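A.B. asks: Dock chains B and C against chain A, hints included.
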Amino acid sequence: MKENKLRPWLLLSPSLTAVFLLLVVPVLFVVVYSFWLRAPTGAVIPAFQFGNYARFFEDLFYPTILFRTLRVAVICVFLCLVMGYVPAYFFYRSKSRYRRALILLIMIPFWISFIIRTMSWINILGTTGFLNHTLMRLGVISEPLSLLYNEAAVLMGLIQYLLPFMILNIFVSLEAIDKNLLEAARSMGCNEWQAFKEVTLPLSLPGVSAGCLLVFVLTAGTYLPPMILGGPGNEMIANLIFKRVIGTLDWPFGSAISVILLLLLGCIVWTYNRYLGINTLFKAFKG
Amino acid sequence: MKKQLKDVHERHLAGDLSRRDFVKYCALAGVAAGLVGGPFSMMSKALAQGSIRFDGWGGTTSQAFRRHAFDPFTKATGVRVIDGEFGDMDTYLTRVIASFPPGGEFNLAHLSGVFDYARYVGLEFHSALDESKIPNLALVMESMITPYRKITPNALSAVPYNLGQTGIAYNTKYIPKEKAEELGASLLWDESVRGNLGSWGEWRTNIWYAALHTGQNPNDIQDIKAVWDALRAQVAMVKKYWGSGAELMSLLAGEEIHATVAWSGRVAHLQSEGYPIGFLAPKNCYSWQECIFVMKGTDLNVAQQLLDFMLAPEASIAVAEGQMYPPSLDPSKVDLPESIRKLPAFDPTGKLEGYLFADPIYWNSKQVEWAEQWDRIMATS
Amino acid sequence: MKLKVSGWSLIRLYTILVYVFMFLPIAVVVVLSFNPQQFASFPMQGFSLKWYAQLAQNESILRAFKNSIVLGTLTALIASAIAVPAAMAFVRYRFKGKNTLNTLLLAPIMIPEVVLGVALLLFIRWLQQPKSFALLLAGHVVLTLPYVLLIVQARMVSIKRVYEEAALSLGANPLQTFKEVTLPLLMPAVLAGMLFSFTISFDDITATLFWATAEHQTVPVRIFGMLRHSVSPEINALGTVMIVFTIMIPLLAGYFIRRFSKS
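Chains as they are written, first to last, in the numbering used here: chain A, 1 to 287; chain B, 1 to 381; chain C, 1 to 263.
Hint data in this document are derived by calculation from the structure and do not stem from the laboratory. Everything hinted at is true.
Covered stretches of chain C, going by a simulated chain B footprint (3 or more residues, C-beta under 8 Å):
{"id": "1", "stretch": "38–51"}
{"id": "2", "stretch": "118–125"}
{"id": "3", "stretch": "206–218"}
Using 20 Å as the maximum straight-line C-alpha spacing, the simulated PhoX-like pairs for lysine-lysine come out as follows:
{"id": "4", "chain 1": "C", "residue 1": "Lys160", "chain 2": "C", "residue 2": "Lys179"}
{"id": "5", "chain 1": "A", "residue 1": "Lys179", "chain 2": "A", "residue 2": "Lys197"}
{"id": "6", "chain 1": "C", "residue 1": "Lys96", "chain 2": "A", "residue 2": "Lys5"}
{"id": "7", "chain 1": "B", "residue 1": "Lys179", "chain 2": "B", "residue 2": "Lys283"}
{"id": "8", "chain 1": "B", "residue 1": "Lys133", "chain 2": "B", "residue 2": "Lys296"}
{"id": "9", "chain 1": "C", "residue 1": "Lys98", "chain 2": "A", "residue 2": "Lys5"}
In this text the structure is predicted, and so the values were computed from the model without any measurement. Don't be surprised by glycine CBs; every beta carbon is placed ideally from N, CA and C.
One chain only, chain A, in its complex shape:
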């Protein structure tokens, strides 16, 4: 069979055109803007200077927030992993006939607006919220606890949003494991735990890493959970981009922060790609 050299490009052209026109070119605009200046009225002045970048690094404020963002993202990845692996394993091993339905069920939260879902935590964790009410009813506490507006609350919102991504990724790579391998391991005298440790766990790692990457990147760019559930000192880098671009109309500086964030995420994705291969992400996303 002769392979047509043009064919892959023909097949790719619609999506490449879309991504090029609606993503690459606009992002180039952002890069260009990051070298411009802001006029006192809020208009922008074309220029070529690195002042916006210098401003980012002029003191520790912005790097601190960037570091905080990365730290929250890492914690979020870790918690999603801890909370997500077991359910994924459960779906994999379960023989229940509702298994498929249960997996679909995990997608349901996506259908309730992200804002509504995030704000719902206020009614759970708040002073007059569900949790405090229940605990006081049970007599565990006598005064309502202050649970809202801190990093833990932000993480709750983030995990609730991102956990399905993690579970689906892990589940799919577990599904791909040949169950005969487990039988073989057991026939060689492994007990359940050893079989899991020697066979299942290593083979599920591609899904784990794909899930981690996805959760990490999505956390790094988020701003609604810190805005709604966070207190003072819980803001992340996307909140600051929002404030510079929207609040003070400082598009050049906002663009510079965005470029720095993009570069950082780009490095992480590149490293991932280099050592684990972006293809793992595809395998893991099997419907």
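C.D. replies: Chains B and C alone, transformed into the frame defined by chain A:
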């Protein structure tokens, strides 16, 4: 050959959805899309009739506008009013700037503050209204029009619409009225509210109150360092910087916070629902006025006609009852009902003496520097 | 053996707890939608349907609901229509720069939406084009493209080439082969991708806030607007309606498909 192909396909299809079913699926989707009506039909409708866009605060306000101004207006002129949505003030300005032609898709907007008027004028989004075409403008307090005239001496680009104040709301269960009144602005720095304090995330309001706390004139701050120090001390006491009226109200109603700076209309709303929330307007309380701004490129004849409908006492009072901010109507020229007279920030004289507004030139000139400094303080507690 | 049983029940318990965590906020939304008070607090002060009554009269939210459904459906159709050929190219052909391009097509996930939202507006302004429904749609297609691509591509990898080659050797041209062999095998993934794409388009707020015109506001944009002045429990009622809607659609679709295929 076709049959053979089918065999190839069917042999390996076991368990998967068949193509026929997929076609049905698509048909169902198509029917659904047809039922709800394509977006293009809506677009052509809008073009055919002629329309004007109004961006406002939504909720009860927009319902009141719709009933008392927009629908009668459409009936009288045949021009449809499209209700837009702000998101928030700054997002809106960003969208206006990024639109093409600049400001072009936007017409009327319910802007807050004279400083906002100055921002839009500074970016040259203003138009020149013909006041003689808006007879109801004569009913508006002269003292509310003057600030706009100072910025655009030749012609107005907006009509004042309502008043408001950012005062202090406090929960009377925890903070007695006498104590609040005695402390004034310094209530927001009192040790008793540590951990139960709220504030708006916006820079102007916080700097304004820190100026009051440090005994300075908010429109001419001499010792900005004292302001920053005060704010730094306050950040450690604050539980939540709210970002919307909804958040403000639910924080107060849920007793999540016991004291906060607050918009008068929102507090009036809570009070009318029976919550034990007091409103304190300390000396030199932050007053503001909102206007209906007309963007450059709008059909002025239509806009002026619509503004006249919106300023008509009936519409103006209904909107004021909805949003609980007093209207711009002069109480000495228009007979205002009791429901309006008891709203916070209402001035029975119509002269607005003793109301302190933000000096637009002063505040806009400080914006970039102060807003960023404020973000720094707020984000590093 | 006993140990295994208790190990498994621990796993089950853990899973149940995770589900409780995931669904607690949603349960709270549903419960509070029947709360008569304006501001939610526990314990509830009675039972009321008044927020549903208000919701039914809220024309703007109903209009936004229609917009969201039209937008989501079109987004899902277009995104999968362009993602399937792209997945074909990546899986079935070898060519230069494949990995780079593959990463590029995933970029929409990596870029914070605030940036993308403003960036696209800047570009449109530079082109001197007004915002339109087409822009919103195109933006959503790009936003959801990576998800569809990931799902379809993963499925494509697992479809063995033998089937396609068999068809080709029987004299079918590539297009016929695709239509008769590959596409049907791919269908579950395409449907899953469409579902994902619809969901993400339906739920997107940040970018949509920038791209939506007044005529084409979506539900999240409306909700964002509603927050400004009132935290109306109508939002909870709306959330409940959306849940019912979500669970009903797949059930109904499944039911109809079974009905149709029987007759």
